[in-house]
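Asker: The primary structure of each chain is shown beneath.
2 protein chains.
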Amino acid sequence: MSVIRREGPFFRSRWIEVAPHVRELPEGGLPAGFRAAAAAAGVKPTADPVFDVGLLVSDEPATTSAVRFTASGVLAAPVLVTRDDCQVDALRAVAANSGNANAATGEAGLEAARRMQRDAAVLAGVDAERVAVASTGVIGVELDAGVVAAGLDAAARELRRDGDADFAAAIMTTDAFEKRATLAVELPGGVVMLAAQAKGAGMISPNFATMLCFVETDAALSAETADLLLGVTVKRSFDRISVDGQLSTNDTVVLLCSGASGVEVAPESEAELRFGEALDALLRQLALDIVVDGEGARRVGRVVVRGGAAEPVDAVARAIANSPLVKTALYGADPNWGRIAQAIGAALPGSDPLDFDIAIEGTTVCEGGLGVAADIAALEQAVSREEVEYVVDLPGDGFETEVFFSDLGYDYVRINAEYTT
Amino acid sequence: MSVIRREGPFFRSRWIEVAPHVRELPEGGLPAGFRAAAAAAGVKPTADPVFDVGLLVSDEPATTSAVRFTASGVLAAPVLVTRDDCQVDALRAVAANSGNANAATGEAGLEAARRMQRDAAVLAGVDAERVAVASTGVIGVELDAGVVAAGLDAAARELRRDGDADFAAAIMTTDAFEKRATLAVELPGGVVMLAAQAKGAGMISPNFATMLCFVETDAALSAETADLLLGVTVKRSFDRISVDGQLSTNDTVVLLCSGASGVEVAPESEAELRFGEALDALLRQLALDIVVDGEGARRVGRVVVRGGAAEPVDAVARAIANSPLVKTALYGADPNWGRIAQAIGAALPGSDPLDFDIAIEGTTVCEGGLGVAADIAALEQAVSREEVEYVVDLPGDGFETEVFFSDLGYDYVRINAEYTT
Numbered sequence: 001m002s003v004i005r006r007e008g009p010f011f012r013s014r015w016i017e018v019a020p021h022v023r024e025l026p027e028g029g030l031p032a033g034f035r036a037a038a039a040a041a042g043v044k045p046t047a048d049p050v051f052d053v054g055l056l057v058s059d060e061p062a063t064t065s066a067v068r069f070t071a072s073g074v075l076a077a078p079v080l081v082t083r084d085d086c087q088v089d090a091l092r093a094v095a096a097n098s099g100n101a102n103a104a105t106g107e108a109g110l111e112a113a114r115r116m117q118r119d120a121a122v123l124a125g126v127d128a129e130r131v132a133v134a135s136t137g138v139i140g141v142e143l144d145a146g147v148v149a150a151g152l153d154a155a156a157r158e159l160r161r162d163g164d165a166d167f168a169a170a171i172m173t174t175d176a177f178e179k180r181a182t183l184a185v186e187l188p189g190g191v192v193m194l195a196a197q198a199k200g201a202g203m204i205s206p207n208f209a210t211m212l213c214f215v216e217t218d219a220a221l222s223a224e225t226a227d228l229l230l231g232v233t234v235k236r237s238f239d240r241i242s243v244d245g246q247l248s249t250n251d252t253v254v255l256l257c258s259g260a261s262g263v264e265v266a267p268e269s270e271a272e273l274r275f276g277e278a279l280d281a282l283l284r285q286l287a288l289d290i291v292v293d294g295e296g297a298r299r300v301g302r303v304v305v306r307g308g309a310a311e312p313v314d315a316v317a318r319a320i321a322n323s324p325l326v327k328t329a330l331y332g333a334d335p336n337w338g339r340i341a342q343a344i345g346a347a348l349p350g351s352d353p354l355d356f357d358i359a360i361e362g363t364t365v366c367e368g369g370l371g372v373a374a375d376i377a378a379l380e381q382a383v384s385r386e387e388v389e390y391v392v393d394l395p396g397d398g399f400e401t402e403v404f405f406s407d408l409g410y411d412y413v414r415i416n417a418e419y420t421t
Numbered sequence: 422m423s424v425i426r427r428e429g430p431f432f433r434s435r436w437i438e439v440a441p442h443v444r445e446l447p448e449g450g451l452p453a454g455f456r457a458a459a460a461a462a463g464v465k466p467t468a469d470p471v472f473d474v475g476l477l478v479s480d481e482p483a484t485t486s487a488v489r490f491t492a493s494g495v496l497a498a499p500v501l502v503t504r505d506d507c508q509v510d511a512l513r514a515v516a517a518n519s520g521n522a523n524a525a526t527g528e529a530g531l532e533a534a535r536r537m538q539r540d541a542a543v544l545a546g547v548d549a550e551r552v553a554v555a556s557t558g559v560i561g562v563e564l565d566a567g568v569v570a571a572g573l574d575a576a577a578r579e580l581r582r583d584g585d586a587d588f589a590a591a592i593m594t595t596d597a598f599e600k601r602a603t604l605a606v607e608l609p610g611g612v613v614m615l616a617a618q619a620k621g622a623g624m625i626s627p628n629f630a631t632m633l634c635f636v637e638t639d640a641a642l643s644a645e646t647a648d649l650l651l652g653v654t655v656k657r658s659f660d661r662i663s664v665d666g667q668l669s670t671n672d673t674v675v676l677l678c679s680g681a682s683g684v685e686v687a688p689e690s691e692a693e694l695r696f697g698e699a700l701d702a703l704l705r706q707l708a709l710d711i712v713v714d715g716e717g718a719r720r721v722g723r724v725v726v727r728g729g730a731a732e733p734v735d736a737v738a739r740a741i742a743n744s745p746l747v748k749t750a751l752y753g754a755d756p757n758w759g760r761i762a763q764a765i766g767a768a769l770p771g772s773d774p775l776d777f778d779i780a781i782e783g784t785t786v787c788e789g790g791l792g793v794a795a796d797i798a799a800l801e802q803a804v805s806r807e808e809v810e811y812v813v814d815l816p817g818d819g820f821e822t823e824v825f826f827s828d829l830g831y832d833y834v835r836i837n838a839e840y841t842t
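Quick note, the sequences are listed as chains A and B, same order.
Here the numbering used here is used: position 412 in the first sequence is 412, and no number is missing along the way.
Each number in the numbering used here corresponds to the 1-based position in the second sequence with 421 added.
Isolated chain A (complex conformation) (with noise of 0.2 Å):
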């Protein structure tokens, strides 16, 4: 599992935009009042050691936060411990792990859990209900606390402000690339920082699919404000991307304030509108890495559905961006628009007839549920690029969502077939 660093800039997406006093800083590192850092405990059965336990720690006491989790049935043992155990509102540390999902392990996954936390405690120096616990990996495998506890205390030694990088590869799984950025975001109050480290691969992984998501500022939020700020940007991030339509259990987003910068982000102000568009954008990026990153992944898709109702809108874009045959039309550079309708129709039963346009990289190809001339060679040049954009327009106005979303093709197949737990 080798970490593979991405060139170029972190805002690589025509369909990201970023807000003139949000600047990337290539460097990375952690802003005020963090640390960080991994360890190779050995969770992961590889032959050369590689991360897998991480623990990240804001050092200022009125530390303030915000989380999100899977909406999933079946939740994992960390789920469970950081959802019902703790402060969730005044993190101040973060334990991973990868190489194995702490999940269908029943009650010696809990203790297991729970010891993760326990242990970070004592080596943050902050009481156990501050510290979130996160595990990616295989499912129903139990997991060993001791192997994981030698992980955080030898990571606690090497806790520093630059060890962003580490903590991220140490929760990364089938990640062909790391995916995380550090953004100085220029507020009315002076310049706060905001990073993040995420994990998560457009297709799911041979033994399962986990999306994590830690991101850390030095801006003063108040808990209620940066519990807003995180609904809704990951509800226009994470939540809007479809990798094979699946659901993990161990989905989680944290996001920790340490107001160490001092620059206040108050409700309802210029500060929280700037920050609140830094994270928008932060998260969609990472968001649409992760759709980038599937194995195998050639070309990432958008959908944009606009419609009168929440509901078709939705339903539409979520079917698009599920349909197999869809997925495997943008793998194979094919501006198959039949499948497109096709999809809407299964996506709104009974609602025939259906008017709908289709538009394909601004053309359109679809008008009222009828096919239009259109240049296919055009078309087939515009599908061939990296980010194929899908417009779908049904009955009314009002409504509009996206949906991000990866192609199928060989490498899933050899990925989740292949591989045998």
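Read the hints as simulated data drawn from the structure, not as lab findings.
Among the clues, some could well be false.
[Stated by the list, open to error] Label-pair ranges, simulated between beta-carbon atoms:
no., chain 1, residue 1, chain 2, residue 2, range
1, A, R12, B, R806, 58 to 66 Å
2, B, P770, A, Y410, 29 to 37 Å
3, A, A378, B, R426, 41 to 49 Å
4, B, D660, A, S269, 52 to 60 Å
5, A, E7, B, E788, 43 to 51 Å
6, A, A19, B, F598, 30 to 38 Å
7, A, S384, B, D660, 52 to 60 Å
8, B, E788, A, Y410, 35 to 43 Å
9, A, R12, B, A468, 42 to 50 Å
10, A, A377, B, K656, 17 to 25 Å
11, A, L228, B, L649, 54 to 62 Å
Backbone N, C-alpha and C fix where the C-beta goes; we use that ideal spot for every residue, glycine too.
Chain A is fixed; fit chain B onto it per the hints.
Answerer: Chain B alone, transformed into the frame defined by chain A:
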């Protein structure tokens, strides 16, 4: 497109119960009162001519019928014409073509479907409103009504009692093998014949997936009885298969009852029970054949879900059957129950903690949401066979459902990504 005759018995799955009063007639043929034929009209743009237009006729004026259509919100022209312009309880003929779905073709498509209906009516000597039309193939391309007319003309000259094989061939698209059967059903009043010709491939075709099935019997059924039996048996067959979670614009099932045997199937009689059992076995085997006929499909899965409420039972069964993770594990002969657990959780968001058991091929692998020790070697052996069964128990009793599903392998990607339209 060469049709492969299947060797061996039609009823080949351990999952289909065949009552002792049902007997396959390996020589095929249509029930009394019916004639069918096909023509190579050239709708399919193949180098060598292949059957692509079919005609099926009942010579009995008192023929009754029942129909079921796709629930898609985008309906093809032949579906609209059959649904809206036909006497669907008294159909006497079917005109069908492959190579073009006549979908998303607007007013011109409706006119082509109506002409197909009128031409067939003249050739069959029946009213136009007693002719159903059906199409399957590429969508968004205008259907040349003249080409179809010439095909119907040629087919009409060949109409015969053993024309069922040609008729079945004429409706095939990417099917790798033919799907048809002729049965003798022993009723208290005498023996009747029951035949069916179907098309559909478990994995969706390069251009489009459609499931068509035409069923004929010489038993005498009232239109109400035909409708009741078709409704119940379609729900237990074609409604219980997952190919890739997609709905077609063209799916059509037609049951025609000529009554030529003189044996009546009266409501709530022993005859109705027996006839219903035969129809049920026939349609379930055909539905399973559609799943088996995934291009490149190695094996087929059956998931049975039991529990205390209909909605979660159905949601879980469909989530498992539609999960690309479960499908690739089936392809790879990997007894990975974690993927089943993940699909269960995803199907029932917010239901944590969820109590569930999972058994694979009779071996319990998960109990109360927790993995249990199992003989992995034996399990791996069991999931490498052609049919693999998964049983999920949710809390409560009283509801049970099943879904048949195909695996997901390289050839699905090859066929769906590398063809262009």
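Asker: If I claimed the Cβ atoms of R12(A) and R806(B) lie 58 to 66 Å apart, would that claim hold in this structure?
Answerer: Since the Cβ atoms of R12(A) and R806(B) sit about 47 Å apart, the hinted range of 58 to 66 Å is violated.
Asker: Between E7(A) and E788(B), does the beta-carbon spacing fit 43 to 51 Å?
Answerer: 49 Å, holds
Asker: Between A378(A) and R426(B), does the beta-carbon spacing fit 41 to 49 Å?
Answerer: Since A378(A) and R426(B) have Cβ atoms about 45 Å apart, the given range 41 to 49 Å holds.
Asker: With 35 to 43 Å as the target window, see if E788(B) and Y410(A) comply at their CB atoms.
Answerer: Given range 35 to 43 Å: holds, Cβ gap about 36 Å.
Asker: Is 30 to 38 Å respected by the C-beta to C-beta distance linking A19(A) and F598(B)?
Answerer: 59 Å, violated
Asker: Against the range 52 to 60 Å, how does the distance between the Cβ atoms of D660(B) and S269(A) compare: consistent or not?
Answerer: Taking Cβ atoms as reference, D660(B) and S269(A) lie about 55 Å apart, which means the hint holds.
Asker: Lying within 29 to 37 Å: is that true of the beta-carbon distance P770(B) to Y410(A)?
Answerer: Holds - the Cβ-Cβ distance for P770(B) and Y410(A), about 31 Å, lies within 29 to 37 Å.
Asker: Quick check: does the Cβ-Cβ distance between R12(A) and A468(B) fall within 42 to 50 Å?
Answerer: Since R12(A) and A468(B) have Cβ atoms about 46 Å apart, the given range 42 to 50 Å holds.
Asker: Could you say whether the range 52 to 60 Å given as a hint is met by the Cβ separation of S384(A) and D660(B)?
Answerer: 38 Å, violated
Asker: Taking 17 to 25 Å as the hint, is the beta-carbon distance of A377(A) and K656(B) inside that range?
Answerer: 46 Å, violated
Asker: Does the hinted range 54 to 62 Å hold for L228(A) and L649(B) at CB?
Answerer: 55 Å, holds
Of the hints listed earlier, those the structure fails to meet are numbers 1, 6, 7, 10, in rising order.
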